[in-house]
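The residues making up each chain are set out below.
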Amino acid sequence: MTHVSEPLSAPSAGTPCAAPRHAAAFFASPAALVAQIVPVVRAGLDRGVPVALALPPEIARAVGAALGGLDRVTVLDHPDDPAGRCGQTMAVRLAARLRELAGDGPVSLVAAHDSRFDGPDGRFWVELEAAFNVVLAGTASDLRCFYPEQPLHRAVTDGTLRNHPALVLDGELRPNPLHRPPREVLAEIPVPPPALLGPPDLVLVVESARLSDIRGRVEAALIGAGYARARAEDVVFAVNEITTNAVHHGAPPAELHMWVVERACVFEVHDRGRLDDPLPGLRPPVSTQRSGWGVWIARQTCSALHVWSDRHGTHVRMHTAA
Amino acid sequence: MVMTAARRSPLVRHWWYGMTRTVEDLDHVTHTCLVPDSDDHVWEVTAAWLAGGLGAGERVMYFEDQTADALLGRLTDDRVPVDRALADGQFVLVPTEQTRATVSAPLDLFERMIDEMIRDTEAAGWPGLRLAGENVNVQLGMGVDAVVAYETVVDRLLREHPIARLLCRFDPLVFDTAAMAAVREVHTSELVTRSLYDDGLLRVTRTGPVALRLAGEADHSNRTVIRRFLDATLDQALRSEAAHNDITLDLSSLRFVDVSGAVGLVHTAEEFPDSHRLVLTGVRPRVARALERCGAPAARQLTIEPRWTEPVAPGGRG
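Heads up: the sequence lines are chains W and E, in that order. Each residue of the first sequence is one higher than the one before, counting from 144 in the working numbering. Each residue of the second sequence is one higher than the one before, counting from 212 in the working numbering.
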């Protein structure tokens with residue numbers, strides 16, 4: 144059995160899709176980075192499109208100083224929390240912010256690598272950029288991503304060269320012959336697993352006939368952890384979708400793990416199935432779509448939802464704040 | 212006053228002289244038994260039974276065993292007003308410990324207690340006493356013969372005091388065929404209520420020519436069921452000479468719906484002919500939020516009636 148959580152009609156990491164104007168540029172030093180960003184921002188403002196910045200704080204400050212302030216742009220933060228360390232969650236969040244800024248109209252996003260989020264091997268950035276290509280497909284977004292010429296991790300450069308349809312080389316925007324669709328990129332450089340959490344507080348075997356019992360157990364645990372009734376119900380709704388996917392699309396045995404942490408609960412669902420779409424549920428379903436709603440809705444309910452796969456099967460981690 | 216729930220007209224088989232007779236009114240039975248398909252079936256029938264007593268002005272007693280919440284929840288779903296009845300003593304919820312003590316008392320003491328209860332009710336001027344509760348699990352620990360002995364005593368008392376009526380339930384997972392036959396023998400009738408579907412998790416009943424009611428949870432295990440019955444109901448509406456433009460689905464007792472179920476309801480409504488609507492009533496907040504996330508606000512032919520905040524006023528009908 145394979146996981147097929149997205150319908151063929153919806154863009155996904157598994158299908159080639161029209162990429163946004165998504166270009167990468169390389170910098171040698173922080174000063175050179177600022178010097179490259181400023182004209183890109185000015186060009187966006189001159190075109191009259193909303194401009195958003197997703198930059199390390201010190202770079203954003205330097206860009207602000209060069210522009211005489213940041214009041215004409217929107218600065219997007221990169222939280223140092225489970226959401227900020229999950230590339231697919233960050234892509235969904237940033238896409239939502241861009242939609243807030245510009246609706247369906249054009250918008251310019253200027254982003255730069257921040258080594259604080261490299262994780263153990265830099266694959267966060269590969270996942271983030273691949274997810275961007277899914278969530279922003281078909282939009283009028285104009286993305287300029289800046290990466291160091293010599294990052295600490297090779298995956299950062301490898302991913303940059305595969306995820307961007309265009310590169311800025313010698314000051315000129317050029318088509319990138321190394322660009323690949325997200326599925327191919329993630330087959331070569333898989334989505335990284337999240338940091339280990341230690342022994343779970345609760346382990347439940349996931350089977351079709353036990354879904355009701357699992358919902359009851361999870362809801363009781365959430366209420367016990369201090370969740371308000373409505374929030375607990377919504378989290379159960381999300382967890383049920385992921386466990387249902389494991390039963391319906393995955394392969395047994397499947398398990399649900401739960402950790403109770405400060406003001407939050409973390410869930411993981413593991414099964415032995417193969418993930419057909421490496422980044423399911425990144426885009427909102429269209430109203431006529433019969434399937435493919437579950438992971439999208441779970442992503443809206445969880446503060447972070449991370450899907451990854453390895454030789455053991457398919458895994459989903461959900462962070463849910465109380 | 213006749214409550215809505217009591218008007219649902221379950222069938223009652225009477226075991227007289229080996230013959231089976233069907234009547235259409237719960238109020239006509241005295242010592243009746245139910246072999247339920249599911250917990251939701253239990254609460255559907257128990258709530259209807261007690262609501263009928265409340266509506267008729269009778270005293271109503273429920274011997275709970277950590278089940279009062281489930282019963283009161285179903286009565287709330289059915290919009291049966293109970294607060295005043297609980298406050299003035301018309302509706303008595305016998306607490307768990309007292310229930311266990313009563314039903315496990317030696318047979319002669321048990322008989323005296325039930326007899327006294329009925330006589331007190333008569334002396335207080337109540338026109339009737341309607342009983343239901345959780346007795347079997349405790350008595351079953353003493354063996355099926357003990358259950359039959361207790362039921363025989365009760366049956367005799369009920370015959371001696373026609374104002375009193377009792378609904379008993381016997382779980383088919385607990386009572387084997389022989390045991391079930393033995394306990395059926397000591398009841399004057401058996402309640403048989405029809406459902407369209409009951410898998411122990413989701414129960415579907417017909418509540419009108421083009422109206423269905425769901426109870427329980429709709430999830431992966433029964434994802435095709437609701438659609439199937441809605442399609443059949445729409446078909447019936449289209450073929451009917453009466454103009455039924457609204458297909459009503461009562462979700463008062465639906466405690467959970469997953470994404471697939473919620474999307475299915477939205478799409479079913481959208482695929483109705485332009486002349487018809489799907490009307491969801493009694494929707495719990497949890498189910499309403501699921502529907503909202505799954506495209507309900509944009510569904511032109513779907514109407515969601517919010518759950519009421521009050522039961523039906525005394526004298527009114529649900």
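Calculated directly from the structure, the hints in this document are not laboratory data. One should not assume that every hint holds.
As the list claims (entries may be wrong) - Some chain E residues flagged as far from chain W (calculated, every beta-carbon gap over 12 angstroms): (1) E275; (2) T404; (3) Y408; (4) G475; (5) G506.
Claimed, not checked - If you only want the chain W side, here are some residues facing chain E, beta carbon under 7 angstroms, derived: (6) S258; (7) S351; (8) L354; (9) E376; (10) N383; (11) E384; (12) T387; (13) S430; (14) W436; (15) G437; (16) I440.
All of these numbers come straight from a predicted model, not from anything done at the bench. Every residue, glycine too, gets a C-beta built ideally from N, C-alpha and C.
Original post:
Should the interface hint for I440 of chain W be scored as holding, given a Cβ-Cβ cut-off of 7 angstroms against chain E?
Top reply: holds (5 angstroms)
**OP:** Quick one: work out the minimum CB distance from G475 of chain E to chain W and report holds if it exceeds 12 angstroms, violated otherwise.
**Re:** Check fails; 8 angstroms does not lie beyond 12 angstroms.
Subject >> Per-residue hint verdict: N383 of chain W, partner chain E, C-beta under 7 angstroms >> reply: Where the cut-off is 7 angstroms and the nearest Cβ of chain E is about 6 angstroms from N383 of chain W, the hint holds.
Original post:
Does G437 of chain W pass the interface check with chain E, least Cβ-Cβ distance below 7 angstroms?
Top reply: holds (5 angstroms)
Original post:
Holds or violated: E376 of chain W as interface residue toward chain E, Cβ cutoff 7 angstroms?
Top reply: This interface hint holds because 5 angstroms falls under the 7 angstroms limit.
Original post:
Can we confirm that no CB of chain W comes within 12 angstroms of the CB of Y408 of chain E?
Top reply: holds (16 angstroms)
Original post:
Does the interface hint hold: is L354 of chain W within less than 7 angstroms of chain E, judged Cβ to Cβ?
Top reply: holds (6 angstroms)
Original post:
With a cut-off of 7 angstroms, does the beta carbon of S258 of chain W approach a beta carbon of chain E closely enough for the hint to hold?
Top reply: violated (37 angstroms)
Subject >> Status of G506 of chain E, Cβ more than 12 angstroms from any chain W Cβ >> reply: violated (5 angstroms)
Original post:
Per the stated criterion, does the least C-beta distance between E275 of chain E and chain W lie above 12 angstroms, as a non-interface residue requires?
Top reply: Nearest chain W Cβ is 20 angstroms from E275 of chain E, so the label holds.
**OP:** Verify the interface restraint on E384 of chain W: the C-beta must sit less than 7 angstroms from at least one C-beta of chain E.
**Re:** This hint holds: E384 of chain W lies near chain E, its Cβ roughly 5 angstroms from the closest one there, short of 7 angstroms.
Original post:
Do the numbers back the hint for W436 of chain W, that is, is its least Cβ distance to chain E under 7 angstroms?
Top reply: holds (5 angstroms)
Going down the numbered hints, you'll see the structure goes against 4, 5 and 6, while the others check out.
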